[in-house]
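Residue numbers (the numbering used here), protein chains in the order written: chain A, 1 to 365; chain B, 1 to 309; chain C, 1 to 402.
Hint data in this document are derived by calculation from the structure and do not stem from the laboratory. Heads up, a few of these hints could be off.
Straight line, CA to CA, 30 Å or less: simulated DSS-like cross-link-like pairs of lysine-lysine [said to hold, decoys possible]: (1) C:K204 with A:K109; (2) C:K204 with A:K131; (3) A:K154 with C:K286; (4) A:K344 with A:K246; (5) A:K108 with C:K286; (6) A:K314 with A:K270; (7) B:K16 with A:K75; (8) B:K16 with C:K204.
If the Cβ cut is set under 8 Å, some of the chain B residues that face chain C in the computed set are [as the list claims (entries may be wrong)]: (9) Q8; (10) K13; (11) V18; (12) F22; (13) I26; (14) L33; (15) L145; (16) V244; (17) V252; (18) F269; (19) S289.
Every residue, glycine too, gets a C-beta built ideally from N, C-alpha and C.
As a plain string of letters, each chain reads:
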Amino acid sequence: MSADVELNNVSVTFGSFYAAKSVNVKINGGEFFSFLGPSGCGKTTLLRAISGFQDPSEGSVLIDNKDMFGIGPNKRPTSLIFQNLALFPLMSVSENIAFSLEVRGVSKKDRQKRADELLELIALEGQGEKKVHQLSGGQKQRVAIARALAVEPKVLLLDEPLSALDLKLRQRMRTELREIQKRVNITFIYITHDQGEALTMSDRIAVMNEGEIEQIGPCDEVYNNPLTPFVATFVGENNPLFGKVKEINQNKVRIETPDGDFLSTMNENKKLNIGDEAIAFVRPESLFIPRDGDNFDNQIEVNIESFEFEGNIKNFYATLKSGTRIKFSIPNAIDTSSISSGTKLQLGFESIKSSILPKAQLAID
Amino acid sequence: MGNYLFTQPFFKKNGKAVAIYFLVAIVFWFVFLVIIPQLYMLDLSFRSNVPPLARGGPQDFYTMEHYQHFVFGSKTSLDAFNFVDLGVFGRTILVSIMVTIANLLFCYPIAFYIAKIANPSTARLLIVSLIIPFWINELLRSFALRILFANEGVINNFLTGIGVIDQSILFITYDIGLYTGLVYAYILLMMFPLYNAIESLDINQIEAAKDLGSSSLRTHWRIVIPHAKPGIVSGCTMVFMLTVGALATPVVLSSPNTLWFPQLIYQWFNMNDNWSRGSAYSIILLIISVIFVLAMMRIFKVKIGEIIK
Amino acid sequence: MKPTYFINFMMGMYIFIFFAYLFGPLIVMSITAFNSAEFPSISPWECFSFRWFNEGKIAYDGQHLAGLLSDWRLHDGIISSLIIGAGVVSLSVPIGMAAAIVLTQVRSQLRDIYYSISIMPVLFPGVIIGISTVVLWDRIAGLGGDGFISDVGRNGIFLTILAQTCFISTYCFLIFVARLQRFDQTQEEAALDLGATQTQVFFKILVPYLMPAIASAAVIAFLFSFENYNTTVFSILSDQTLTTVIASKVRLGISPALSALALTIIALTIIAAVTYEILRRRSEKKYAQSQEIFVKEKAASGRINKEYKAGFKVPKGIVAILLVLVFATYGATQIVKNDLYGQSCIDAADKEKKSKFLEQLQTLESNELTEEELSGGSLGGTEDYGDIFGDPSLFQDFGGFD
Numbered sequence: 001m002s003a004d005v006e007l008n009n010v011s012v013t014f015g016s017f018y019a020a021k022s023v024n025v026k027i028n029g030g031e032f033f034s035f036l037g038p039s040g041c042g043k044t045t046l047l048r049a050i051s052g053f054q055d056p057s058e059g060s061v062l063i064d065n066k067d068m069f070g071i072g073p074n075k076r077p078t079s080l081i082f083q084n085l086a087l088f089p090l091m092s093v094s095e096n097i098a099f100s101l102e103v104r105g106v107s108k109k110d111r112q113k114r115a116d117e118l119l120e121l122i123a124l125e126g127q128g129e130k131k132v133h134q135l136s137g138g139q140k141q142r143v144a145i146a147r148a149l150a151v152e153p154k155v156l157l158l159d160e161p162l163s164a165l166d167l168k169l170r171q172r173m174r175t176e177l178r179e180i181q182k183r184v185n186i187t188f189i190y191i192t193h194d195q196g197e198a199l200t201m202s203d204r205i206a207v208m209n210e211g212e213i214e215q216i217g218p219c220d221e222v223y224n225n226p227l228t229p230f231v232a233t234f235v236g237e238n239n240p241l242f243g244k245v246k247e248i249n250q251n252k253v254r255i256e257t258p259d260g261d262f263l264s265t266m267n268e269n270k271k272l273n274i275g276d277e278a279i280a281f282v283r284p285e286s287l288f289i290p291r292d293g294d295n296f297d298n299q300i301e302v303n304i305e306s307f308e309f310e311g312n313i314k315n316f317y318a319t320l321k322s323g324t325r326i327k328f329s330i331p332n333a334i335d336t337s338s339i340s341s342g343t344k345l346q347l348g349f350e351s352i353k354s355s356i357l358p359k360a361q362l363a364i365d
Numbered sequence: 001m002g003n004y005l006f007t008q009p010f011f012k013k014n015g016k017a018v019a020i021y022f023l024v025a026i027v028f029w030f031v032f033l034v035i036i037p038q039l040y041m042l043d044l045s046f047r048s049n050v051p052p053l054a055r056g057g058p059q060d061f062y063t064m065e066h067y068q069h070f071v072f073g074s075k076t077s078l079d080a081f082n083f084v085d086l087g088v089f090g091r092t093i094l095v096s097i098m099v100t101i102a103n104l105l106f107c108y109p110i111a112f113y114i115a116k117i118a119n120p121s122t123a124r125l126l127i128v129s130l131i132i133p134f135w136i137n138e139l140l141r142s143f144a145l146r147i148l149f150a151n152e153g154v155i156n157n158f159l160t161g162i163g164v165i166d167q168s169i170l171f172i173t174y175d176i177g178l179y180t181g182l183v184y185a186y187i188l189l190m191m192f193p194l195y196n197a198i199e200s201l202d203i204n205q206i207e208a209a210k211d212l213g214s215s216s217l218r219t220h221w222r223i224v225i226p227h228a229k230p231g232i233v234s235g236c237t238m239v240f241m242l243t244v245g246a247l248a249t250p251v252v253l254s255s256p257n258t259l260w261f262p263q264l265i266y267q268w269f270n271m272n273d274n275w276s277r278g279s280a281y282s283i284i285l286l287i288i289s290v291i292f293v294l295a296m297m298r299i300f301k302v303k304i305g306e307i308i309k
Numbered sequence: 001m002k003p004t005y006f007i008n009f010m011m012g013m014y015i016f017i018f019f020a021y022l023f024g025p026l027i028v029m030s031i032t033a034f035n036s037a038e039f040p041s042i043s044p045w046e047c048f049s050f051r052w053f054n055e056g057k058i059a060y061d062g063q064h065l066a067g068l069l070s071d072w073r074l075h076d077g078i079i080s081s082l083i084i085g086a087g088v089v090s091l092s093v094p095i096g097m098a099a100a101i102v103l104t105q106v107r108s109q110l111r112d113i114y115y116s117i118s119i120m121p122v123l124f125p126g127v128i129i130g131i132s133t134v135v136l137w138d139r140i141a142g143l144g145g146d147g148f149i150s151d152v153g154r155n156g157i158f159l160t161i162l163a164q165t166c167f168i169s170t171y172c173f174l175i176f177v178a179r180l181q182r183f184d185q186t187q188e189e190a191a192l193d194l195g196a197t198q199t200q201v202f203f204k205i206l207v208p209y210l211m212p213a214i215a216s217a218a219v220i221a222f223l224f225s226f227e228n229y230n231t232t233v234f235s236i237l238s239d240q241t242l243t244t245v246i247a248s249k250v251r252l253g254i255s256p257a258l259s260a261l262a263l264t265i266i267a268l269t270i271i272a273a274v275t276y277e278i279l280r281r282r283s284e285k286k287y288a289q290s291q292e293i294f295v296k297e298k299a300a301s302g303r304i305n306k307e308y309k310a311g312f313k314v315p316k317g318i319v320a321i322l323l324v325l326v327f328a329t330y331g332a333t334q335i336v337k338n339d340l341y342g343q344s345c346i347d348a349a350d351k352e353k354k355s356k357f358l359e360q361l362q363t364l365e366s367n368e369l370t371e372e373e374l375s376g377g378s379l380g381g382t383e384d385y386g387d388i389f390g391d392p393s394l395f396q397d398f399g400g401f402d
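Looking at chain A on its own, in the form it has when it is part of the complex (with noise of 0.2 Å):
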């Protein structure tokens, strides 16, 4: 069973702050949607409001077509994973997967028998008997899931319960969570700062800045096709271009900057007219060094300065003729051993992969 939310113009404010301003979005059941923004922006304070834990200022949250303003989070069909993940320390891993069960007296004998099933999902069969300070990192992380799983919610809320494992297991986790979201079939709603994350699990995602969503899509297409600069530089990482609007051709734009004319593409929800000031992205995996043959829509002269080794990719960090420096990256299967600090090269890159937006402020890292 899997439900439904809705978030209606919703708006929590702390004072005069707004943590969260006029958010709507539809989640579909059996969707796992991921909230993606940097610290602050909010998308904390949104999964307290559909668990129930803080009541919107204005607005409405709707689970089933339900609305939940003044229900508690005991109440609600929802279970949050915290941060934390917040076991009970003083609890086995049992009692902690059975509490739920426990507070709405179901007997001790079905309590142990759900336990236990869900210790087979969880891949901790026979475990059930430690204390939670003998689990490993990941065991815990799995044992936090079962135990919100254990009275079958509609929909499951995690507040970054990844963060606190280190990089292998992480990904790990990533495949493991996705997995289990298919078995159960219910709505997954995921907080992120980690985009790398958000996109590999996710159906869709909602980027989030200061209080307000800024894209909601599903993952290629927020990569893709950013609607803001904001979007366009936390979900990945992209290279700016300023400069002014010069010409318009259907949805192909030329963008005079100090470094010579690109053409890009328009997004047709953002509307550009001759003259305005505007950005052409371009990420460093789409530059390319060109070979005989190629033939590039745009063409950039750079100055290389730096580079690092990353293993399947080597970055390199460049400038061009106004000062600008961007960053573009080459397959490791490229040949690059020619190219270090100093050498000038001709770099090239598809219309088709470049995007245009209205000026508007950018992700700080």
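The hints should help you fit chains B and C onto chain A, whose structure is shown.
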């Protein structure tokens, strides 16, 4: 009772039953055990001393006579001031300050040794040894000193025995026993705040100071003592307050000729059956205590939360 | 490096003197408990005896000096102290807990004021708390006529429970505050989210977490109550607790029975401390073992599994115990050698004293002076207020001579 007092709605946050328990417990404590008795005592201190049956009658009126008595003495007295009571009061405060300073000086080296020099197992042993005497009744500890200091006590017998003196030294009469006992009584309440404060100091800071050429004394003065300030203030406040209000130790150890201020209160209260005057003297003691705490907080710029932990 | 040695030596000396100051009087007092003489002393050693723990003695002049077992006043005092202790624990622990939990919920602007009110009672001198309770309840009792309220308001044990609860609640409060500071509040939220009601959160999450604090608050509350004098002496009215019995005994003359009582308390304290320490170490060890197993399971690297052999070291405790044994043996041989133990010794001593009795009567005047001074009985107060020790009713309370 809402959002003015609490971060979250009180009854919603705790559930009705638990919220009621909290409220009943706190109101009972604050109102019935702390505030009302003090206020009533304050009221009583301004009333004439009448037997219970005459209360509310014509003889029961508000008066300053008890406070006047403290300063000027009884109306029949020829002296301009009540030198006896004022003397007891002044001596109590003065001796309490001296006791506090003595405690600080005695405890500092030990606290520093346990916190920073001794190895962990020695430190544990020393701490446990410090705690044990603390759990023995103050009266009995004073009694132990009394055995030592009595005119035919252990010290006098020993000294006459080996021929150092031929007449008993009057330790009790000259209140040497009392002063020793007062220092002894609350020394651990100086030790533990000091120890906790010094213990939290990063040993690297001391080493860094030494490395930079600071002498030991200078290191203590510039690094350790400023860091331990809250502990020092806390210890001094506790020791002073307890010493100034001490009754058990003076009862056992003070010489018959001198009184400690709480003994004076005891007299008015239990022996002369003058509850009003006893209350007035209590209020005076209370005021001194409050002034002392406020002064410590002011001078050393610490919060009350740092004094009592 | 001579200066360092010198400093270390001085430091060692200082620590020795300090601990001698702390323990010396207690040790001397403990030894006097075994001397059969009626004045607690060491150097004129009469006989080694346990009489002060048992029945006491009938003095040469016919006075009965009660020992620990035969002193019914002491027993009554202990019983009322126990009742009061139980009452104080059952009031101050719930109060302290409620106050500490509410501290986490009041608005930050009010927190300082709230905290100040909570800790105020320990800053009040104890005598004041006792007095204020008595005057208030005397008034309440006076209002209620002769009924139940009047009885309750003039019941010393009831008043003492209230008066002690006033400030002992603060100590409990502080213990709970310290524990709550480390409480992870998301646990409450997690429990709520899992469907628990607020009441269930309190009983299933908060109370189990606070259990160690509840236990130590109960112990502390009991001990503070049991040994309180300053407050109790006012609020107990005509009843007696252990401390007021001790105080009235000490005032009228110091008896080795008190040494025996103190030694008993010291022994109980040490046993309790040692038991606590052993239990604590055991549970710590258990925890460490479970952690170790986990680490071993997790990391199979040999570095952790390697065992370190500790060098042989004489524990300091053993040295201390040996020292004590040496002194004890020396003392015991001295006593045995000089035949200073057993009934025969006591009889001989009493006989000698009786013969001196007449002599003493003759020099009564000078004797009176010294004895009065010893018992703290001579009065030096002015006429304006009677002497604290001159109260005739005190002599009725005195339980040493029966």
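Against the structure, the hints:
The suggested pairing of K204 (chain C) with K109 (chain A) holds, with an alpha-carbon distance near 19 Å, which does not exceed 30 Å. The straight-line distance between the Cα atoms of K204 (chain C) and K131 (chain A) is roughly 17 Å, inside the 30 Å bound, and the hint therefore holds. As the CA atoms of K154 (chain A) and K286 (chain C) are separated by approximately 41 Å, the hinted pair breaks the 30 Å bound. The hinted pair formed by K344 (chain A) and K246 (chain A) meets the criterion: a straight-line CA distance of about 28 Å does not exceed 30 Å.
Restraint check: the Cα-Cα separation between K108 (chain A) and K286 (chain C) comes to about 28 Å, which is no more than 30 Å; the hinted pair holds. The hinted pair formed by K314 (chain A) and K270 (chain A) fails the criterion: a straight-line CA distance of about 33 Å is larger than 30 Å. This hinted pair checks out: K16 (chain B) and K75 (chain A) have alpha carbons roughly 17 Å apart, not beyond 30 Å. Taking the CA atoms of K16 (chain B) and K204 (chain C), the gap is near 16 Å; set against the 30 Å cutoff, the hint holds.
Evaluation of the Q8 (chain B) hint against chain C yields a held restraint, the C-beta minimum of about 7 Å falling below 8 Å. With a cut of 8 Å, the hint placing K13 (chain B) at the interface with chain C holds, because the nearest CB-to-CB distance is about 6 Å. Taking 8 Å as the C-beta contact cut-off toward chain C, the hint placing V18 (chain B) at the interface holds, the least distance being around 5 Å. The beta carbon of F22 (chain B) comes within 4 Å of a beta carbon in chain C, closer than 8 Å, and the hint placing it at the interface holds.
A cut of 8 Å between beta carbons decides the hint on I26 (chain B): the least distance to chain C is about 5 Å, and the hint holds. The interface hint given for L33 (chain B) is met, as the beta carbon of that residue sits about 4 Å from the closest beta carbon of chain C, less than 8 Å. Proximity of L145 (chain B) to chain C holds as hinted, the smallest CB-CB distance being about 5 Å (cut-off 8 Å). Evaluation of the V244 (chain B) hint against chain C yields a held restraint, the C-beta minimum of about 7 Å falling below 8 Å.
Using the Cβ-Cβ criterion of 8 Å, the hint placing V252 (chain B) at the interface with chain C is satisfied: the shortest such distance is roughly 5 Å. Taking 8 Å as the C-beta contact cut-off toward chain C, the hint placing F269 (chain B) at the interface holds, the least distance being around 6 Å. For the restraint placing S289 (chain B) at the interface with chain C, the shortest Cβ-Cβ distance is roughly 6 Å, inside the 8 Å limit, so the hint holds.
Violated hints, listed in ascending order, are 3 and 6; each of the other numbered hints is respected by the structure.
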